[in-house]
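Colleague: The listed protein sequences derive, respectively, from chains B and P.
Position 39 (the first sequence) corresponds to 40 in the working numbering; numbering is contiguous.
Position 122 (the second sequence) corresponds to 153 in the working numbering; numbering is contiguous.
Calculated directly from the structure, the hints in this document are not laboratory data.
Here the structure is a predicted model, which is why all the values come from computation and not from measurement.
Warning: the hint list may mix true and false statements.
Okay, the calculated beta carbon distance ranges per label pair [stated by the list, open to error]:
(1) 208/P to 16/B: 34 to 40 Å
(2) 267/P to 35/B: 49 to 55 Å
(3) 206/P to 464/B: 52 to 58 Å
Taking lysine-lysine pairs in the PhoX-like style, the calculated list, with each CA pair at most 25 Å apart, reads [unchecked claim]:
(4) 571/B to 100/P
(5) 306/P to 390/B
(6) 474/B to 306/P
(7) 571/B to 120/P
(8) 45/B to 313/B
(9) 313/B to 210/P
The beta carbon of each residue, even a glycine, is placed where N, CA and C say it ideally should be.
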Amino acid sequence: MSFDKIVKYVKKRYGVDVTVREDERSVFLAGECDNWASIVAIGKLFVTEGKHVVNDIVLKGHDEKPEYLPQLQDNALDNTDWDVVVIGGGISGCSIARELTRNKLKVLLVEKHSDVARGASGANNGMVHAGIDLKHQCLKLKYGVAGNAIYGEVCKDLGVDFRRSGQYVIFDSRLIRFFAKGTVKRAERHGIPGVRILNKKQIAEAEPRVESFAVGALYAPSTGYVSPYQLTIAYAENAVQNGAIVSLNTAVLGLDVTDGKIVRVRTNRGRFTARCVVNCAGVFADKIAAMAGDRYFSIHPRRGTDLMLDPKAEGIPTQTISMGPTLKSLSRFGKGSTKGGGVIKTADGNYLLGPDAVEIPDREDSSTSIESMNNVFDKHSCVCPTLKKNDIIAFFSGVRAPTYEEDFIIERSAKVVNFVHVAGIQSPGITAAPAFSKDAAAIVVDYLRSTGIDVQPNERFDPVRPRPVKTKKLTMDEWDKLIKNDPDFGKIICRCEEISLGEIKQALRNPLGVKTIDGVKRRVRAGMGRCQGGFCMPLITKIIAEESACEITDVTKDDPGSNIAVGKIKEV
Amino acid sequence: MRYDTVVIGGGPAGLAAAIKASENGGSVLLIEREARLGGILKQCIHDGFGVVRFGEKLSGPEYADRFIKELRRTNVQVSLFSFVTDTHKCDDGYSITYVCRDGMHTVQCSSIVLATGCRERTRNNIYIHGDRCAGIYTAGAAQNLVNIMGVMPGKNVVILGSGDIGLIMARRLTLEGAKVLGVYEAKSSPSGLTRNIHQCLRDFDIPLYLSKTVTRVFGTTRLEKVEISDVDEKMRPLAGSEQLVDCDCLVLAVGLIPENEIARDMLVPLDPKTKGAYVDQNCQTKTDGVYACGNALHVNDLVDYVSESGETAGIDCVKPAHKRKLIQINTEGKLLYVVPQLLDVNSDVSRVVMYFRASEELSAQRLTITADGQTIFTKVYNKLLPPEMERITVDFTQAASLRDLTVKLEDK
Numbered sequence: 002m003s004f005d006k007i008v009k010y011v012k013k014r015y016g017v018d019v020t021v022r023e024d025e026r027s028v029f030l031a032g033e034c035d036n037w038a039s040i041v042a043i044g045k046l047f048v049t050e051g052k053h054v055v056n057d058i059v060l061k062g063h064d065e066k067p068e069y070l071p072q073l074q075d076n077a078l079d080n081t082d083w084d085v086v087v088i089g090g091g092i093s094g095c096s097i098a099r100e101l102t103r104n105k106l107k108v109l110l111v112e113k114h115s116d117v118a119r120g121a122s123g124a125n126n127g128m129v130h131a132g133i134d135l136k137h138q139c140l141k142l143k144y145g146v147a148g149n150a151i152y153g154e155v156c157k158d159l160g161v162d163f164r165r166s167g168q169y170v171i172f173d174s175r176l177i178r179f180f181a182k183g184t185v186k187r188a189e190r191h192g193i194p195g196v197r198i199l200n201k202k203q204i205a206e207a208e209p210r211v212e213s214f215a216v217g218a219l220y221a222p223s224t225g226y227v228s229p230y231q232l233t234i235a236y237a238e239n240a241v242q243n244g245a246i247v248s249l250n251t252a253v254l255g256l257d258v259t260d261g262k263i264v265r266v267r268t269n270r271g272r273f274t275a276r277c278v279v280n281c282a283g284v285f286a287d288k289i290a291a292m293a294g295d296r297y298f299s300i301h302p303r304r305g306t307d308l309m310l311d312p313k314a315e316g317i318p319t320q321t322i323s324m325g326p327t328l329k330s331l332s333r334f335g336k337g338s339t340k341g342g343g344v345i346k347t348a349d350g351n352y353l354l355g356p357d358a359v360e361i362p363d364r365e366d367s368s369t370s371i372e373s374m375n376n377v378f379d380k381h382s383c384v385c386p387t388l389k390k391n392d393i394i395a396f397f398s399g400v401r402a403p404t405y406e407e408d409f410i411i412e413r414s415a416k417v418v419n420f421v422h423v424a425g426i427q428s429p430g431i432t433a434a435p436a437f438s439k440d441a442a443a444i445v446v447d448y449l450r451s452t453g454i455d456v457q458p459n460e461r462f463d464p465v466r467p468r469p470v471k472t473k474k475l476t477m478d479e480w481d482k483l484i485k486n487d488p489d490f491g492k493i494i495c496r497c498e499e500i501s502l503g504e505i506k507q508a509l510r511n512p513l514g515v516k517t518i519d520g521v522k523r524r525v526r527a528g529m530g531r532c533q534g535g536f537c538m539p540l541i542t543k544i545i546a547e548e549s550a551c552e553i554t555d556v557t558k559d560d561p562g563s564n565i566a567v568g569k570i571k572e573v
Numbered sequence: 032m033r034y035d036t037v038v039i040g041g042g043p044a045g046l047a048a049a050i051k052a053s054e055n056g057g058s059v060l061l062i063e064r065e066a067r068l069g070g071i072l073k074q075c076i077h078d079g080f081g082v083v084r085f086g087e088k089l090s091g092p093e094y095a096d097r098f099i100k101e102l103r104r105t106n107v108q109v110s111l112f113s114f115v116t117d118t119h120k121c122d123d124g125y126s127i128t129y130v131c132r133d134g135m136h137t138v139q140c141s142s143i144v145l146a147t148g149c150r151e152r153t154r155n156n157i158y159i160h161g162d163r164c165a166g167i168y169t170a171g172a173a174q175n176l177v178n179i180m181g182v183m184p185g186k187n188v189v190i191l192g193s194g195d196i197g198l199i200m201a202r203r204l205t206l207e208g209a210k211v212l213g214v215y216e217a218k219s220s221p222s223g224l225t226r227n228i229h230q231c232l233r234d235f236d237i238p239l240y241l242s243k244t245v246t247r248v249f250g251t252t253r254l255e256k257v258e259i260s261d262v263d264e265k266m267r268p269l270a271g272s273e274q275l276v277d278c279d280c281l282v283l284a285v286g287l288i289p290e291n292e293i294a295r296d297m298l299v300p301l302d303p304k305t306k307g308a309y310v311d312q313n314c315q316t317k318t319d320g321v322y323a324c325g326n327a328l329h330v331n332d333l334v335d336y337v338s339e340s341g342e343t344a345g346i347d348c349v350k351p352a353h354k355r356k357l358i359q360i361n362t363e364g365k366l367l368y369v370v371p372q373l374l375d376v377n378s379d380v381s382r383v384v385m386y387f388r389a390s391e392e393l394s395a396q397r398l399t400i401t402a403d404g405q406t407i408f409t410k411v412y413n414k415l416l417p418p419e420m421e422r423i424t425v426d427f428t429q430a431a432s433l434r435d436l437t438v439k440l441e442d443k
C-alpha cells in the first residue's frame, strides 16, 4: 500500500490527519490523536522494508510525566576523556561494556539510576528463549539463537545461575497440533535444536498437572531461565573487574555534535569527551539519539506485568507451560503467538505468571494495575485452571523498548560517525545480549581502528566473575566450614529466603558500590520472600548504615530520595 | 545431642512452653533466631500486656522479662542467633538441624514445640497496585523503625487497617511527632480491641474511616499520595469513589498470618480457617510429638493467651507418649474458628481450654457444646466481636459419650 492510501485509511479508521515525510532512513509521522493505542497502531501501519518509523503523532491532552533525573550535581566526571562511553546500565549496556573490556580501552558506563538493571532488564520473567516464535530472518532471530547457544558458558563465567529446562507449549486441538509441524520445520531451518511435538501421553508424563484438554505440546528443550537482573549485575561487575568505570546516578543531558561527530557528553556529573558513544538507553534510546540530531527511529513503551505465585500453592506445574494458540485466537489474530509467557519456573525456583503487553505513553511508568493483574491471571492461568488469585504473592511491571519495526537496531549511525545504536532491545533481549554484545563491541572497535587508533587486546581480561556465596546451595559440611571461617554466614537475616548476614555484607561490598535495600534484594533475594521484607528490612537498613558508616536515616530503598526513614524520632 | 523437647521460637509462646517443659522434668533446648528472647514483645513498648495473667498492665518488654527471668531459673538450654534449617522424623523422635554463628548443629528430640509466631500481610497480599516507592511499611516494620531504631518512617502518615497494631502505631507515630491523617478500615466496623479505639485514636483526635481502603499508591522515590476508595459490603472498591490523599508514609495493619513453614515442611496438617495446625486440647498437632502454640497456632489478640497455649504445649510435650484417640470438634453457626479442633479422649478431658471467634459482630448469642446430642456446656454472650477472642473451659467428662462433638453458636 502506498503512503497516500495508508493516510486515507488512517483518516477513515482513526479520524486522524497524518502528515508523512520521508528521508533515506525513516518515515516521519506527525499529527494529533486522543488515543495512545491508536497512535501506536498507526505507527505500525507505516512500517516498510528498509526504513524506520519515527512517530511524532501527539497524544492530545497528555502531559508526559517528567523524566526521572538524579538530583545529584557534581564534577566527578568533568574534563575526563574516554575511548568509549556507554549510555544505559541495562543488559545491553552492561554486556557491551564488559565485551569492550576485552580490549585496552577506557570504558565508561553511565546509568541515571542508583543501580544497574533498573529498567526492563530488571523486570521480566528471565526466560532465555529458544526462538521458536520468530518466523523470519531478523536480528532478534539471529542474536536470539546465537545467544541461547552460548548462555550456559556465559553464565558459568559470570557466576550466575542458569537452568536449561525447556518449555512446553500446549495445544488444545488437533488442528493446531497439525500447524505446529510447520513450527518444528522452521525451528530446524533456523538452527534451533531439539524442537519436537509431544503427544498427549508424553506431555502428561512430563507435566502431570496439565489439564486434560491438552492434546499435545510443542517442546523446546533449549529454552532456559536466568535471573535477568543478576546477569545484568554480573556483566557490570565483570566490566568493572576488567577496568571499566560504572558511574551511577549519572544522566546524559546533552551530546555536543560537531561535523557529524559527538565531541562532548554532558551529564549532571560533568562534561567529558568520548571517541565513541554507545546508545543503550532502552526506552530513552530515541531521545538520546535525538540529542545528537540522529533520531531515525521511535521507541513506543510497552509495559509487561508478571505475577509471582506462592511456590507452595497447590497445583502449580513444575515445568514451564504456556498455552499455544487456540482456534479462537487464530481466527481473531490470524496468527498464533507461541512466544513465552504462561506459568514460568524462574532460575530462582519461583513461579511467575505472565506477562501481558500494554502500550503506554509514559516511558517510566512501571506501576502495576489491577487491570493488568486480572488480565495476566485470566490469560495465562488457563494452562493450569487450579491456580487461584490468592496464590499471587507479588507482582511487578517492566517497560520494554520496542521500535515500530519490532526488531533490534544494532549499528553505527549513518549520520553521526562515532555513535553506535543498540536500540529496540526488547524480548528476546536477555537471550540475545550475550551474542549481540560481542558484535556491538566489534562495531566500536572497528570504528576506533578505522580512525587510526591502535586498539590492543587487554591481556589482563578475566572473563570470570567470582560467584557470590549462596549458603542455601551449600551442603551442611560446606556451610559449617564457611561459618567457622566467617561467623556472619551463620546468622540468618532474611528468614523467608534464608539469607545470612555474610551474604548481605558480600552483596554490599559489590564492585559497583550499590548500598541500597533494593540493591541487596536484587543481589541476594533478601526481602523477596513471603513477608516481603517486613521482618528483614529494618535489619538490612541497619546493616547498610553500619557498612557504609552513615546514619540510618541516610539509607535508601533505591534511588536518592527514597530514604527508608524521614528523620530521627521527635525530630521530624 | 538429645533433648526431650526442642522449642522453636523464643517469643511469649516459646518461653512459656520451655519453662513448663523444664519444670515438668524435661530436658529442653530453646532455639531463637534473634539476639535476644522475647519475640515481637521486644518492640511493643506500649502497655496493656498481662492484664489477664498478672492483673496489671505491663509493657511488652516487661511482660517478656518476667518469663525470661523464670526461664533462667530452669535448666533450659537457650541457643540464640539460631535458625532451623531442617526438621525431620527419625527413628525415635525428630532430628533438627539449625545454623548459628558457630556452625551447623543437629540435635535429636522426642517432641517439638512450634512457637514460630506470625507474620504480617503485605501490600501485595491485598493487591495494592501503583508505584514501587519507599514509605510503605507493615505496621510491625514501622514499629521496629520507631521503637528499636529510633527513626521515623514518615511525617504524614496514612494507616490502613484498624487492627490493634494499626491503632497502636497511630498513637505511637503521633507521640513521636508525625501527623497521622487517618486510620482507614475496609470493614464496616473496627478490627481492634475497643479499648484501643479509645486510647489510641479518640484520645488523640485521629480520625477513623470505615468502609474505605487504599487502592493505589503514587510516588517516584518516596510515597507522595495514596488513592482511597469506598468499598461495598464485600470490601470491593467502588469505582468513582476514589479520592487522593497526600502523604509520605502508608502503614499497613491488614492482618497477621501464622508462620508455619516448618509445620508445612513436616507435612503437619493445617486448618485453613486458622492457618495454623489442627491441634488437640494439649496443643499437639495431628503429627505425634509435634506441638503448636501461640500465634503460630492461631492469631491471638492477648499475649496472656499466647503464653497459656505455650504452657499447655510445654506441660504435655514432656509426658510419656501415649496412643491418642482424636475426635474432631465440629462447629456450627457463625463461628470463625474454634481451637482446639480435636479432642484426645485418651488424655485428660476435664479442663479443656477452648478459644473461639465469632465470624461477625453478633449480639444475644448462645454457645452450646454437645457430645452425641447431649449438651455439656452452654454460655450466653450479649455481644461478640470478631476481633475479640473468647475463651472457655469445658469439662468433657460429663459427656456420656465422646462422639459427635459440636460447638454451636446461635441466637439466644
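Colleague: It remains to establish, for every hint, whether it holds in the given structure.
Modeller: To see whether the hints hold, each was checked on the structure:
no. : hint                       : verdict
1   : 208/P to 16/B: 34 to 40 Å  : 56 Å, violated
2   : 267/P to 35/B: 49 to 55 Å  : 30 Å, violated
3   : 206/P to 464/B: 52 to 58 Å : 57 Å, holds
4   : 571/B to 100/P             : 33 Å, violated
5   : 306/P to 390/B             : 17 Å, holds
6   : 474/B to 306/P             : 29 Å, violated
7   : 571/B to 120/P             : 52 Å, violated
8   : 45/B to 313/B              : 42 Å, violated
9   : 313/B to 210/P             : 40 Å, violated
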